[in-house]
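Participant: Those protein sequence lines, which keep their order, are chains A and B.
First residue of the first sequence: 0, per numbering that gives the first Met the number 0; consecutive thereafter.
First residue of the second sequence: 0, per numbering that gives the first Met the number 0; consecutive thereafter.
Source of the hints: derived by calculation from the structure; they are not laboratory data.
Fair warning: this is a prediction, and the values are worked out from it, not measured in the lab.
Some chain A residues well away from chain B (every beta-carbon gap over 12 Å; in silico): (1) S297; (2) N416; (3) E455.
Simulated restraints, written as ranges between beta carbons of each label pair: (4) G359/A / R33/B: 54 to 62 Å; (5) P500/A / E59/B: 35 to 43 Å; (6) H30/B / Y277/A: 48 to 56 Å; (7) L216/A / S28/B: 54 to 62 Å; (8) E242/A / R33/B: 41 to 49 Å; (9) D281/A / E59/B: 17 to 25 Å; (10) P13/B / Q162/A: 39 to 47 Å.
Simulated coverage check for chain B against chain A, where a stretch passes if three residues somewhere in it have a Cβ under 8 Å from a Cβ of chain A: (11) 20-26; (12) 36-49; (13) 53-64.
Every residue, glycine too, gets a C-beta built ideally from N, C-alpha and C.
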Amino acid sequence: MAFAVHPYTISNLIQCFANGSAGASHGQIGRKIHRNYFEEYFKELKAKTIVVETEYIDKDYLEDYAAYYDRCFRSYERQTHRLHFFDMAFSSEDFDGCITAKGGISEQELSAAYLGFVVVKPLPQSIIGRTCLRTYPSDGGRRHFPSLRTYEVHLFGLRLEVQSLAYQEQDTVVAACATSALWSCFQGTGKLFQHQIPPPVVITDWAAEHMPENLVLASARAFPNNGLTASQMAAAVRKLELEPMVISTMDRHTLNGVAYAFLKGKIPCVLAFALREYEGDDRFSFVGLHAVAITGYSLSDGPALPQRTTGFQLRAARIDRLYAHDDQAGPFARMTWCSSSMAGPSHSSDMTMLKTSWPGEMFADIHNRFVMIPLYHKIRIPYAEIHSAILWLDTLIEEFRADSDVPRVEWDIFLTNASDYKASARAEYPALGIPLHDTLYKSLPRFMWRVIMRTEDEIQVDLLFDATGIAQHDLLVHRASRGRIYDLILGHLSNAYTKHPVEVPPQVEAVLNSFAGALPKP
Amino acid sequence: MVNNQLVAFVPAQPVSAADREAVARWFQSEHAGRQLAEAAAFARGVIEEFNRASVIPPEELNRPITLA
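With these hints in hand, go ahead and build the complete structure from the sequences.
Facilitator: Spelled out as structure tokens, the structure:
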């Protein structure tokens, strides 16, 4: 029989993993971190049934197999098992009836109940292959996974779909954690920027073409792979004709800002961090360096969190947890911001520790680490350029606002493209009384940095900066606003800037110039 | 001069006369220019500090990312 149907239980899932592996026992699988993770995840997704496809050829595994496993002395299988999950209970006969159109459950019911799949690699330990699962529910709009894409699944002639971003566990042979994280990112950028999506073995091979700077610390050997350096990861990104943008993660404010800005632009990024274990008495031990793909975030609806030194309020600062494809834990694994000291909280914008989904007290320390974002080469203006300009503008505005009753702005900075921006304007502007004509018929660059000024969750001013231009130039290509208090403030600020010129970055000057003469005549 | 090519703008301005006057009074005051210059200097300092803090030591970047 080419398939088997089991009611979903964690024990059945472990047995399915064991059956698809190269001799791993139920006990060995049960001790993997993934076991606990999947138990919680499938509980949240309300999984009821597992369908095992027993003769599945997975392209990514096949490439890894051809490059490495096929040449081992011991024989490994070419074919994999693929486990499909449904939130509906049905029997083997029901499923067979649906496939062969003999009655039972309908194709529509099966399609609606589909939660996604996990490929089980026929290997001894690292068995979680390509995994595409539905995300956690949005929980009232709190959880966001903007970089998902649609995966078509063909199962015995049935066409199913799942919105996801593929995940897989690294095997330390053809892939390291950084390889898996890059592979997941490429799943998103491949669709967005129309590039091929290489299998893990090819990513590792590309990375290894760049010799590590320190051959004592990092092995020069590509396979088996013991970990990639930042420059090796960048080399692999370059092979796809993408540009690796590397940004230092100093604290919560910077990581949230960067992850949010690119995820809203549908681009996942790789986060590298130090994994630390809490040992009690405010002491953490260093476990190693790890990399994950950031795939989503949770925005709290509490008050905006100000940056410590300036009070600058970034919408991204509301992120209280990130979701990551952690090859050692699972897909869309929670990473929750927390204080680095168990004794008491530090200022929220200064936090550097995220509690991971690993069992026990395991933390991701992001201080002095980095995110790497694979970008289309025409996205040239870095996030920091826009962030700095807006922080500067906010500081100027604050000189007046702090003495007034005007609510402080919350700034929303993210990457967008012309069509997404116009679709968003069509949906949002009419209710705000902003005419659409000037926006929709405007010729705009393909990629833009969108900066929304909000007070009390309402758009006041919308600024669009060309992300493909030259940083020394005026990049402001469009502005939409409601003609309220912030238009007035920026109009007066523009006049004051003309009267008392001070040195400001080009993009602050561009915004102020756009408000020149905007004040109504007395 | 307003760049009309740049702006999608609502002509009606629902801002009270008192608010208009308060904003105008502050920006036309003698101290506005000085305060804005101080704010610009402060912003420059913050950005410079951001830039300094964002440098990753090369030896950290050259370490392989591995849990082993």
